[in-house]
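Next come the chains, spelled out residue by residue.
Number of protein chains: 2
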Amino acid sequence: MSTLPADNFTVELQPLDTHRAEKAKWLLNSPEPPSLWHQITISIRQTVLPLGNTGGTAVCFLQGIFPILKWGRNYKAAQFKNDFMAGLTLASLCIPQSIGYATLAKLEPQYGLYTSVVPPLIYALMGSSREIAIGPVAVVSLLLSAMIQKIVDPFVDPTNYTRLVFTVTFFAGTFQALFGLFRLGFLVDFLSHAAIVGFMGGAAIVIGLQQLKGLLGINYFTTNTDIVSVLDAVVKSLHNPWNPLNFVLGCSFLIFILITRFIGRRNRKLFWLPAMAPLFSVILSTLIVYLTKADKHGIKIVKHFKGGLNPSSVHQLQFGSPHVGEAAKIGLICAIIALTEAIAVGRSFASLKGYQLDGNKEMVAIGFMNIVGSLTSCYTATGSFSRTAVNFSAGCETVVSNMVMAITVLISLVFLTRLLYYTPIAILASIILSALPGLIDLNEAYNIWKLDKLDFLVCIGAFFGVLFGSVEIGLLIAIVISFAKIILHSIRPSTEVQGKLPATDIFCDITQFPMATKISGILIIRVNSGTLCFANANFIKERILKSVIDENEENTRERVGVLVLDMSNVMNIDTSGIIALEELHKKLISQGIELAVANPRWTVINKLKLAKFVDKIGAERVFLTVEDVVDAFLRLKMTGLGSC
Amino acid sequence: MSTLPADNFTVELQPLDTHRAEKAKWLLNSPEPPSLWHQITISIRQTVLPLGNTGGTAVCFLQGIFPILKWGRNYKAAQFKNDFMAGLTLASLCIPQSIGYATLAKLEPQYGLYTSVVPPLIYALMGSSREIAIGPVAVVSLLLSAMIQKIVDPFVDPTNYTRLVFTVTFFAGTFQALFGLFRLGFLVDFLSHAAIVGFMGGAAIVIGLQQLKGLLGINYFTTNTDIVSVLDAVVKSLHNPWNPLNFVLGCSFLIFILITRFIGRRNRKLFWLPAMAPLFSVILSTLIVYLTKADKHGIKIVKHFKGGLNPSSVHQLQFGSPHVGEAAKIGLICAIIALTEAIAVGRSFASLKGYQLDGNKEMVAIGFMNIVGSLTSCYTATGSFSRTAVNFSAGCETVVSNMVMAITVLISLVFLTRLLYYTPIAILASIILSALPGLIDLNEAYNIWKLDKLDFLVCIGAFFGVLFGSVEIGLLIAIVISFAKIILHSIRPSTEVQGKLPATDIFCDITQFPMATKISGILIIRVNSGTLCFANANFIKERILKSVIDENEENTRERVGVLVLDMSNVMNIDTSGIIALEELHKKLISQGIELAVANPRWTVINKLKLAKFVDKIGAERVFLTVEDVVDAFLRLKMTGLGSC
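In order, the protein sequences belong to chains L and S. Residue numbers for the first sequence follow this note's numbering, so the first one is 5 and each next one is one higher. Residue numbers for the second sequence follow this note's numbering, so the first one is 5 and each next one is one higher.
Extracted from the complex, chain L is given alone in its bound form (with noise of 0.2 Å):
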């Protein structure tokens, strides 16, 4: 039975208590919110203009884009000690993982150190981060060679491949730029950090199996990067002749760069000795083989290569070809795998230093570097996270470190390549080999287990895409769980039953606070969802209706009489929300049940109004709060029970 009869309520509420009448009118007449145009150019304003730094001289516009006009100025000859001791400790692991990673992107093995030269001048002049290394890195490499490889083969046609490697380079940057120059930096989220965890994952063992080609010497290898395809091609080679010469090099020197870096780690001091090794190793096995003759007795070795200056490659790209899309596509997706690599590395060094990065200030850096980078016979080239912690643990104090190290690279591509011409392959196998387990990081791959198992699902998506499937499809599988997630919580919300907290004048969750009571025939209910829309308008009006027959149920002895609906997490109703609401309180209504509307947001409110929905339930049953609604109907009890 319901306690009161509607009209009664609707009389008596009035008079009952003027300041909890007067918040209710707050309430109904706040201000109409800003309309969704005003929202929109906000929005972008937001977005595109940069935060403060609003005006200013040309001097300070220039000191913008270059920072070093304004570091430069005082720099001191201390710091430029310390630079320069970082930046050849740097270019000592630089040059062996620039041609190892050039490899691996299937070019030739000068190319992975002209992209050690350009991008990081450019980026000195132009990037805010004082210990990021720039340079080739081991995933962008992989995505590089695994996507272009499909469009051109890199062992039938190395001209054309190396062509569209520049093109995709030029578009990677352009898109990099304009994401800087419009502050579109969001973009970059959309690769949750689950995905990341697990994307590296599954492309550093995508890695360390292609490198099983060098170490192992085999001539046919696979072209696809899945983990099937690569141990089948493993498995088909160890049949035919194979000579365990080079397995036996590579090894060796890959347990030697291992052992030091394990001395490394015990002793902080020995950094540089990690940091060396990969120079020493190819030394020391260039020695080998040149002074053994062990080429002509199966050691593979390097063989091609040019020496010299950045060439230009400006008249290598083609945009007048029939792939120039596909090569935009690939350009796009290492664009964001490059900027995530970035940026995630700029910015935890930065705040190891305390100091800020601008996202969007670094894009334009980052992608001027590469579109520079595209004309100078670079292919693109990011931050590194392993030779940025040498960098780091080396002392560096500006981005100088990093010219200092493109210089050293420099001098070492006139005077010193004739000398890698007998470089075996197995050692730069071994090289990259050692930098892989650095983008494994199971530790945090447990954490988000631990945290969020939606989140693991996104994680091992990625990974499991990367190592069965191919790259994108590892991207694709995690950018889709990731957002399927969010539309998953929007469709399926939750809707919970309030109780009063004990002592106080505070409605929680009772399943969340046991301590809270129910108030007998007021039943009120939160709706945990930041929009009542479409996908889940009918959902929560079922939820709704069916608290009200377990209440019913539950506590015999007096039946639901007011429906207190708290809407304060909503945010946002559109049309069909508003028709579930008008049938959820018909059939309230037909239930003798009063349906009251607490704290509903500012669009919500102003939404109901125009749709007459305050009129249909009456302006009286709207409350600035639940305990509003609590107190109006208790008192309306007490005096209804009176006057009996």
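Hints should not be assumed to be uniformly reliable.
Pulled a few chain S residues facing chain L out of the computed Cβ check, cut under 8 Å [stated by the list, open to error]:
(1) SER34
(2) PHE186
(3) PHE190
(4) SER196
(5) ALA354
(6) ASP459
(7) ALA488
(8) ILE491
(9) THR508
(10) ASP513
(11) GLY534
(12) THR535
(13) THR579
(14) LEU640
Derived pair list, reagent style PhoX-like, types lysine-lysine, alpha-carbon separation capped at 25 Å [unchecked claim]:
(15) LYS522/L to LYS29/S
(16) LYS550/L to LYS357/S
(17) LYS545/L to LYS357/S
(18) LYS365/L to LYS620/S
For the chain L half of the interface with chain S, some residues (derived, Cβ under 7 Å), not all of them [what the hints assert, rightly or not]:
(19) PHE186
(20) PHE190
(21) ASN573
(22) MET575
(23) SER580
(24) ILE583
(25) LYS611
Keep in mind the hints are simulated off the structure, nothing from the lab. Please read these numbers as outputs of a predicted model, since none were measured by experiment. Heads up, the beta-carbon is just placed ideally off N, CA and C, and yes, glycines get one too.
Could you slot chain S onto chain L? The hints should help.
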């Protein structure tokens, strides 16, 4: 300058207010929230299992499936009289409409009549709506012909076309029944109200354009449904000699039908006039053509018309055909559109009479009627809005009126079909045209525009998609925009600065409530998003930091000392969200600002504890309400200033 050192805050907070601390403890010690698996099983159970209907005898079970067993026992002669009259009225409207819709579906006219026999009879046994009029409808007929004629041309190979229609109908019925059995009714919700309004409007215009063929007596017409192709075809055929007699005949009867409808609307008692007008038009025009032999002078007539009982079509279903996949796809789309219409019709009339329909049971009924229909030469049937309105006005009491209608149609199939040989096609076109205005709801489109501009975008997206593209494109556009809207709200949530309402302890958005006042030194920010995740975490972080800058610029007297993050709206957080909070905390600390968290919800506080974020900011900085934080800070400030 920060007003108080951080240590001070930590030490002095505890003894301030034991009650406040106790409330925070309730929050921090709230029990483990239900795990993901638990939530999933609960959600599946709630979705799949019926709500109240648990157990019962075999009779109850049968009554659940065949509601006729329940109400049939109390069925009275007086009710039958009403149902009989309503059924006859319905049949008189249904016969001409069915023939017309069959031609719209590019089937021979008898199939429309067959569809008005078997499905209504099955529905009468299984359905719970009392008013719905079952049979072929315009939109589904259009949908079928538009999609199936892309696979098989109905003029070149009518036999295979018809067989494919039955196969599609079988799939549509199966999907509908499965949706109902697995309680997947929410799938129908994915077409939002706005999308349906736009889609129906577009479909009505497309159907109208298709009728130009019949009305103008054109021989060669396009198979495309978009407005450009149709108008192009019409203009081209008008260049050829054409016979205006068809047009004159069709238009005169169209005007007659529209006049009767106008009269029927003015005088509710004459509702039977518009209902009878189509049948009267068919009879009169057929007689005219028969007597004047007008078919020899260019009037196009129906000609093919096979009478008799519904033949079996069991052996016509093509499960082995290569098109079976496409048939299933078309079946799925038809199933959803047909269900949307049937449930909308059923619900609106049920709420007029004050009873409730179980959407899932209705789906099973409609699904079975279409499965049986597909075996007895029927194409996809559903509830027709226009005929249901006629049925309601004619005073139907139960679904028996559908039975009367079906039997009447059956009798006319057996005895009267020879007479329909001479029916002019232009009349069928004018009958379809006369039913279209009911599908275009300009008023509702205007309401949607007023309420929600983005919803209106969905509406016109569907409208123009159907008009200029095809029915599938229209649906796709509507669904994509609808879900993009949900994602957009999630990735660009708002944050609000809160102030205290005068003479209360309530904290509200200061833009919505201009009377609310900010508290000096404390910045209270509420995150208006249901989830703090990868897609919005960085955005929210930047917004909050921007608010701090703004606040410090605005209030130069006292800098922000404490930032209160009101998390009441945030129902869920992922690893990216937690990382963003950690970054926010670090950045605030570096600016000498305290971070306090108010009212983190169940899952959120649990994850913040797991991720050790609570330990990082200190458990004493987590509060149940904003009021508590402000209270704690103000007291601290007073004692702090006192000791200075």
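A quick look at each hint next to the structure:
| no. | hint | result |
| --- | --- | --- |
| 1 | SER34 | holds (5 Å) |
| 2 | PHE186 | violated (15 Å) |
| 3 | PHE190 | holds (6 Å) |
| 4 | SER196 | holds (3 Å) |
| 5 | ALA354 | violated (11 Å) |
| 6 | ASP459 | holds (5 Å) |
| 7 | ALA488 | violated (10 Å) |
| 8 | ILE491 | holds (6 Å) |
| 9 | THR508 | holds (7 Å) |
| 10 | ASP513 | holds (7 Å) |
| 11 | GLY534 | holds (3 Å) |
| 12 | THR535 | holds (6 Å) |
| 13 | THR579 | holds (5 Å) |
| 14 | LEU640 | violated (21 Å) |
| 15 | LYS522/L to LYS29/S | holds (21 Å) |
| 16 | LYS550/L to LYS357/S | holds (22 Å) |
| 17 | LYS545/L to LYS357/S | holds (20 Å) |
| 18 | LYS365/L to LYS620/S | violated (30 Å) |
| 19 | PHE186 | violated (15 Å) |
| 20 | PHE190 | holds (6 Å) |
| 21 | ASN573 | holds (5 Å) |
| 22 | MET575 | holds (5 Å) |
| 23 | SER580 | holds (4 Å) |
| 24 | ILE583 | holds (6 Å) |
| 25 | LYS611 | holds (5 Å) |
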